Structures are given as structure tokens and as C-alpha cells.
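Okay, here's what each chain looks like letter by letter:
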Amino acid sequence: MRHMLNPLDFSVEETNQLLDLATDIMSDPDKYAHVCDRKKIATLFYEPSTRTRLSFETAMLNLGGSVIGFSSSQSSSASKGESVSDTIRVISCFADIAAIRHPKEGAAIVAASKSSIPVINAGDGGHQHPTQTLTDLMTIRTLKGRLDHMTVGLCGDLKFGRTVHSLINALSRYEGIRFVLISPPELRVPDYIKEDVLDPKGIEYKEVVSLDDVIPELDVLYMTRVQRERFFNEEDYLRMKGFYILDARKMKLAKDDMYVLHPLPRVNEITVEVDDDPRAAYFKQVQFGVYVRMALIMTLLGVEKPC
Amino acid sequence: MRHMLNPLDFSVEETNQLLDLATDIMSDPDKYAHVCDRKKIATLFYEPSTRTRLSFETAMLNLGGSVIGFSSSQSSSASKGESVSDTIRVISCFADIAAIRHPKEGAAIVAASKSSIPVINAGDGGHQHPTQTLTDLMTIRTLKGRLDHMTVGLCGDLKFGRTVHSLINALSRYEGIRFVLISPPELRVPDYIKEDVLDPKGIEYKEVVSLDDVIPELDVLYMTRVQRERFFNEEDYLRMKGFYILDARKMKLAKDDMYVLHPLPRVNEITVEVDDDPRAAYFKQVQFGVYVRMALIMTLLGVEKPC
Amino acid sequence: MRHMLNPLDFSVEETNQLLDLATDIMSDPDKYAHVCDRKKIATLFYEPSTRTRLSFETAMLNLGGSVIGFSSSQSSSASKGESVSDTIRVISCFADIAAIRHPKEGAAIVAASKSSIPVINAGDGGHQHPTQTLTDLMTIRTLKGRLDHMTVGLCGDLKFGRTVHSLINALSRYEGIRFVLISPPELRVPDYIKEDVLDPKGIEYKEVVSLDDVIPELDVLYMTRVQRERFFNEEDYLRMKGFYILDARKMKLAKDDMYVLHPLPRVNEITVEVDDDPRAAYFKQVQFGVYVRMALIMTLLGVEKPC
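Residue numbers (the working numbering), protein chains in the order written: chain A, 2 to 308; chain B, 2 to 308; chain C, 2 to 308.
Simulated from the structure, these hints should not be mistaken for laboratory data.
Please read these numbers as outputs of a predicted model, since none were measured by experiment.
Treat the hints with caution; some may be incorrect.
[Unchecked claim] Just so you have them, the derived chain B footprint on chain C, three or more residues with Cβ under 8 Å:
id : stretch
1  : 35-45
2  : 59-70
3  : 84-90
[To be verified] If we take Cβ atoms under 10 Å as the criterion, some of the chain A residues that face chain C in the derived model are:
id : residue
4  : Ala43
5  : Leu45
6  : Thr88
7  : Lys115
We treat Cβ as the ideally placed atom computed from N, Cα and C, and that holds for glycine.
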């Protein structure tokens, strides 16, 4: 039995197979409409996340299965002091697969260790969120036609943003990737990412403060939110926040095929005028996320691809 | 693509067609058990409403479809600051149709403007709640056999009650409707309803303070709740509240075929002794509401009536 | 139409038939995969309980049916003052059967009195929780091969624990049952249980303070939680809490076929080292609970056992 706790749990080859399956699902969803008939996914969300939870539920329903679960810890037994380990053993009696979101790092690993059904980490604190990373890979591969040989800009809060760290890890396994890390000095990518991932693999990267300066050279721009409370002082925030808001003016500086991704929810770091730009890929990304999750559920459940 | 944001979005002819479809569903629900197989409704409830939410979910399940959604803003991404516009674009990737309930007026219109799936307004603040109005029309038409030529009493809080305003609007499109507006002076129907709807159409109406005085002349009595906090002072409330509580004694004054409707939830404005009166239609109304919502989902999704 | 409000609503013969059906379901679940196609259960949880709610939902999904409901009173119309009586009349228009959990004793009885669909009491305050009791009986019968002629230890809070009272009631209907009641003096079984159930039926029982002293003589050990706040004073709690924590050392004193049950959630009254003991039956109990609820739903809906 396999789980999906960390985006790197799957080898590059396995990841590519998963994305191939997702691509096939996208091209002919009807073929997959009953492959999980009578299967159940449990969505165990100890903190709310509409988009992620509904994406998993949609994925399972699209495969013919059904859903049980909870959407916040208030409506779960956690409020009575039950441990995650006990909850997953209980849930193992109910469902065939579980997606767990928990504010504590490592919660999904603990769950998996006691589970008798496959566990998908749907986000554990600031730690991992592998289906977001798989979604990002699917989006880039589908829109750009490849996952290698490109310049990827990561913009915003690169210090605390778990999706950014995961994506760097995942893309670092492909050839010819170059990163442009765009953030305020306070919110740079942590040193361990550079020391453990980028430097040992000899991956080219640079760190800059202003998006304007580098946007023309990017093939992909991954935006994240910069929260006011992350800054050391208010003046820094006011001075720099404009550097990290993507608008129509900045988009004019970018290549014609530079796609913009964002893990959502978006607050104001991308202005709504960008939404209609054909290069805005953040809502398409949501759709890709459904196909990726369908492929992942099938893979972890060992469901064969139908002929 | 069509939405249902306001009860008047459908013409009289379209409304009649919808009620015809609902009536056919009621007469043979089995025929419709699979017309929405593999379709999904998203119930986006930013404020709780058991009855309305479960009515939509029941309607979709009865058609063979399935359900995703959230039942309060606490368990949604709204708590992270996501806009309704962004949420509906995300939901458009998951579901085939959405029912949205939001405390802010106009929220459903905003959602519809960005949606790529049909949006049903399931209540936006004090504004509109079109499926309640369609349910009211279905109930009256089924029990009375017609929607024209009758005297309709509306009783209780006629100032803030959105269901009352919508029903006046909707019934004003039929011939020979006469309204009796029964409320405390503080809670009369707003002037704009009289000036914009009743007067221009030459619709007969009168305003009275006591239900007792007029109940014998009514063909339909639509009850709503009078909340203590709506009164200017406590004495007025204590003096008048009895005028607006429907009990067995008042029912004796009414016609044998005067049906009582109420949008529910009922608190104490109809005493429980009335529940067993055959003219009490407020729980039947709930059942009619399911058929109307089934018909509406089919209509907005463009699902053909099965042979 | 029948309800399940109290574990004793079913006679011994009916209970045995229900357990027979649950056993058949367990042996061949596929045979039952569509017996409730197009049926709906409403889970009306006015207080949260993941395990119980999801067990009902799983049971209905396993039978081919579907689910509507709410998981806390915050997301229900109860917050608008709707009575349980009105809610169940509304729900009767939506679902085929309802499971209700409510903090007030008697809430399920009130609901049943107004319901036009079968109502299952899924816990009403400290009062009854019949599907837990049926689950306990199913677990004991399956693991021990019988429900009579055995010594059953009940350990922990025997004063407030509703599952304990119900289980005593239910087992008292079988021959040759002997109870060992293990609790702090403050938390003994209430006198009315002894006077109304144990004494009139001449059932053998003894009351002890320490689990160690009696564990060797037990055939079944039913553990419950002892909450600190139930004790008269802190010294008593500290002095005695160890008596009621089941660990590997105590398990060594027990028979090789003494099964340990617990209604869950477990906090620390059974140490995790016990989980791997083959006599630990509390997670199996969850699985049995699904089969029992499947059998109960079928029975109350009058669904025939398929050939």
C-alpha cells in the first residue's frame, strides 16, 4: 500500500506516469466515470480549505465513487481529544482512501503509519501539500508541453510558502530548470533549500527584489501572497508591496507564452484585470488539479486504467 | 447559459412551464431518477440554512446527481479572504450548477457574472430568494388549482420579509389577484412595492392591522414571523403580537379551502395545534419545494424531460 | 413504521435477527451493494460526533443510498430557533430515514413522534445511544460466539456513561450474564440500574475499585473514560486514575480470549501499546458498527434481504 505524503514520494518516472494518466483522463473523462464505483474517499479537514477539499471530492465523484468526511475540527471528534492515529484507524473502517489536512506538520505521516487505507497529505501546516505540487506540474507540462529547460519565476513570500518549496523540490528533478526567486529580503527562500537542493544539484538561480526587472526572461511565473504581517516594519511593506502585485502593466513586459500560476486563494497579489489575459493560468490550474487528483486516487487504489 | 437570480428572471410563460415540469415530476418521480446522472450541484452556503440547502441537495440526488459544497463561511475559503468571484470560478471547475446563499445583497449576481455554470440565488441578504417564491407559487397552484383570481393575505413582518416582497412581485403578474396586507404599522410593506408594483398595475390591496378582521375573506394566507426587535417599543410588541399568531380559534374564522403557507422556520407565529388542520400547507410546501428545485435544476442545465 | 430510540425497542428475538442480518452482510457485503439505491439517510447531528455520523453515512453508502444532513447545530436551522419537531417534519420531505444526535435527553423521541420517516436515536444527551449498544452486542457475539453465560467487566465512569447503562440493560436480557463493575466509589453504577434491572432479574454482579483485582476472571472488558472533573477532589483522582488505565501489564493478567471493547473516542484510558494485542477489539468494533447500522437501516426501511 502506498501513500502520498510528500511530492517526492513518487519518482520522476512515477510522477510522469501519473501526469500521463491525468492527461488521458482530461482527454476522455467519460471513460473513467465508473472506475471507482462503490469506493469512498474520506476528506479529513482539520482546518478549512474549500478548494482543496472540494477538488478531492469532485475527483472521487468524477470516478464514480462517493465521499464522507468533515470540513473543520469543530465538527470532528478531535474536539473530544481523539488523536489523529485513532481517527485514521476508525476511518479505515469506513473509507477506501483518505485525504487529510491538518495544521500540524507531520500529521499526515502519523496518520499513514496507523492507516490501513492509502493516505493523501492534503496539507500539513507549513510543511507539504503534494497534490498542489502535482497540480502545478500538470499545469506547466500541459501549457508549456514540457517540464524541463525553462526559467521559472517564483514571486512573493518564498520563506513561508510551502507550495513554493515543494515546487522547487519537484522541478529540480528535471533537466535545465533555472529559478528566478523574487521576494523581499525578509522573505527569501530559506538557506536549507539552497544548500540541500539547489546547490548540490548545480541548479542555476538568482534572487531579486523586483518582479519588473526579471519578468521578461520568465517562461513561467508562480505568484504567491505577501502578507503584511510577515514584514519587519510597516515602511518596508508599503515600499515594497507594489513589487509583488501582478497587474496588466507588468504582464506587458512578459513573454507571449509566459503562464501565470497561483495556488489560490488569491487576495490582491494579482489584479482582476489579469484574469482575462490568456496567459493567466490560475483558474485553469484548478481544473488540472481535479484531473491530477483523479489520477492519484486511481493510482493509490491500484485501479487499472480502463481500455 | 441562464441563471436564476430573481424570481422575475423567468417570464410568466417560463414560470408556468417550470411549474408544469415540477407537477409532472411530482406525479412520477421515478421517471426522473437518472436524468442528472453524473451531474453535480455545488451548495455554497455562506450562512447556514438547513432547509434550503438540504432541499437543493435532495433535489439533485433525486435526479441522480451528486453534491459538493459547504454549509457555513467558517468552513469555506471565504475565511481566507477569497472573493465570491474567485470562488465561483473555482467551483465552475468542480460542479455543473451552483446554489449560493450569502448574507450580502447582490452576491449571487456577482457570482453569476464570473461563473461558467448556471447559478441559483438561494438567498442574498434581505434581497431575493427566488426558489422560495417558486415554491410558494407551486404550492398555491397545486392546492388551489390556479394562480389567478384570488385574495391573498400576507401577514406579519411585511417590511423586512424578502419572501413577501418576492411573492407580491410574482403574483402581481397573474390576473385578478387581490392582496390583504396584515401587519403592525411599523412593519408595513415598503412604499416602493406599492409605487413600483401594486399601483402601476392597478392591483387591488388593503392594509390592516388585525388578522382576525380579514381572515374570512382570504383564499390563501401567507404567514411570516414578527420579531420582537422590529418593534419601536415593548408595549407595542406586547399589545400587538397576538394579532399575528395564527391559532385554532382564528382558523375557525377562515374559509374551508383557505390554505396557510409559511416560508419556515416557524417559531411561534403559528401554534402547533394548527399543524393538524388540513388547510395547514407549510410542511407540504417543503415537499413542493423539492419538486420545484428539481424542475429548476433540469431547466437551467438544459436537461430534456424524459419520455 | 418503526423507530430505534432505545436499545430495548427491539425484543431479544428481533435483536438476534438484526445481528444475524449484520453477520450476513459482513460475510458478503457485495450482495447488499444496491439494496438501498435511491434511498437517502439524513444525519441530523446537533452536536459533533465524527465516528457515529460517518458510520451511519458509510452504512447507507454501502447499501447504495446517499446522504444529506448537518454535522453541528451551528450549520442548522436550530440556530434560528426551529424546534426539533419542525425540523423532522421538514426532513421527512427530503430523506427516507434519519439519524439524530442531540444534546437534550428525549430529543429523538420528540422527533419520532412527528416524523413520517423512521428515526434512529444516534445519542440524546446522557440518555440513550442504541446503535452503540447494538454494535457492542455484535462485537461480543462475533468474537465470543455468544451473548450469554459470560462475565463482563465494565470499567471506568459507570455513573455517567450512557453506553455502560445501555449495555447492562441489553445484556441483562441474556442468560447467565455476570457483571463486574469496576469504578471509583464516586462513579459507581446508579442505584436505579441495580434496583430496576440487576436485582429484579437476579443478575449476579459485584462492585470493585481496582481493575487489577478482577481482570483475570473476565470474558469481556468494556472500558470507558474517567474524566478528571468527575472526581470529588484532585487527590482521589491522582490516587485512583492508574486503576482505570489499561496497559500491557494489566493485559498479562487477563485470559487469552478476554476481548477489550471501548465506545471511543479513547483518550488515555487504554495505552497505545495495547492496540496491537489481538484481544484489543475497539477498532474492530468500529467495523462491526457499520454492519449493524447497515442491518438496522434495512430493517427500519423494510428492505428485504436479497437472495
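Please write out, lowest number first, the hints stated earlier that are contradicted by the structure. Of the numbered hints, all hold.
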